[in-house]
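Engineer: Read top to bottom, the protein sequences are chains A and B.
Residue 27 in numbering that gives the first Met the number 0 sits at position 28 of the first sequence, and the numbers go up by one each step.
Residue 144 in numbering that gives the first Met the number 0 sits at position 145 of the second sequence, and the numbers go up by one each step.
Hints should not be assumed to be uniformly reliable.
[As the list claims (entries may be wrong)] In silico negatives: residues of chain B with every beta carbon more than 10 Å from chain A:
| hint | residue |
| --- | --- |
| 1 | Glu27 |
| 2 | Asp32 |
| 3 | Gln37 |
| 4 | Asp51 |
| 5 | Gly68 |
| 6 | Glu104 |
[Stated by the list, open to error] SDA-like cross-link-like pairs, simulated, lysine to any residue; straight-line CA separation at most 20 Å:
| hint | chain 1 | residue 1 | chain 2 | residue 2 |
| --- | --- | --- | --- | --- |
| 7 | B | Lys135 | A | Glu125 |
| 8 | B | Lys135 | A | Arg119 |
| 9 | B | Lys135 | A | Val80 |
| 10 | B | Lys135 | A | Val19 |
What the hints contain is simulated information worked out from the structure, not anything from laboratory work.
Note that the Cβ used here is the ideal one computed from N, Cα and C, for glycine as well.
Protein chains: 2
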Amino acid sequence: MTEMRDMPGHLARRFQQIAVAVFLAEVEAAGFDLTPVQYAALAAIAANPAIDQITLAGLIAYDRTTITGVIDRLAQKGLVVRRASARDRRSRELLITDEGKRTLEAITPAVEAAQRLMVRGLSAAEANELVRLMRKAIAAANDLSRAPLREGAAEER
Amino acid sequence: MTEMRDMPGHLARRFQQIAVAVFLAEVEAAGFDLTPVQYAALAAIAANPAIDQITLAGLIAYDRTTITGVIDRLAQKGLVVRRASARDRRSRELLITDEGKRTLEAITPAVEAAQRLMVRGLSAAEANELVRLMRKAIAAANDLSRAPLREGAAEER
DNA sequence: CCTTATTGATCAGTATGCTGATCATCAGTA
DNA sequence: TACTGATGATCAGCATACTGATCAATAAGG
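Let the hints inform the model, and build the full structure from the sequences given.
Structural biologist: Below, the structure is given as structure tokens:
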């Protein structure tokens, strides 16, 4: 493993680099301007109306300081709105707008195409195995990053 | 694959996030202050003395505009030096310093430990398979990113 | 030889990600 | 109730990555 080409860390960076490039290309070809990070946040807000930012960050494993800017840009594009919480005045509730819903629906085919394209060198069985192995490795190392995944109780497997 | 947890792109981001965190933690514990990107560049310069920045970028798949800042920081730490090329006055030759060599040697155990730690949830066979699948997927999609890998002729396999 | 295209390096601008700090607010306890 | 600690959000600062532009220098062509 002395060779760079065999180091998991190097390959992780490279695969992520390609994944982002493929995502952006497919989404732009479909006529949208949304990053992978913005898409994940938008989808999570759609699935969890009135979620607060910290809980959202846990759901998609973002750092809490990163989420602020992501939501800023989604709000500026008119896809989500921030609303003050009645229960806790520190907290902001996040809601998807009608335009956000339309965008999310319209963009989904491009997102799925990107997922296939980034593993186009693999057979379907190999792609499934790659997903399984990444999930397993990630699960065992979840707490090693500052932004671990925090699944909702209903989402356990 | 509608679920985020099964999307290769999401897993790629998450795995990379963990890989970086593990790398930084191991390297810091060993008493050094070097990012994964800086380490890869330093190792590539050590293996290819007097390499220019564009060729270096191709060897480790960095964007040409990213390499400038990375070399800036390596130079500021005294690990590499930039030297004007005699052949082509546009080009800068990169050389590792003695301190760079010492750092590279001393840091290697921590880097290798990090590689093992980021796949600690996998058996050795599974880790090898993950590396194989990532390499295969990356090879097939290499040209889809702005910073493709450009291997030297002697490094083909 | 001179024009044109290409190339190596850098820069401005934008978007993640992180460290560590701050501020307001809330919760638990003496 | 007053104090203490924890929490939600944001900010400043730094390091990747990328888009697109610029500039100097080289290469290729007629």
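Engineer: Against which earlier hints does the structure fall short, listed by number upward?
Structural biologist: 9
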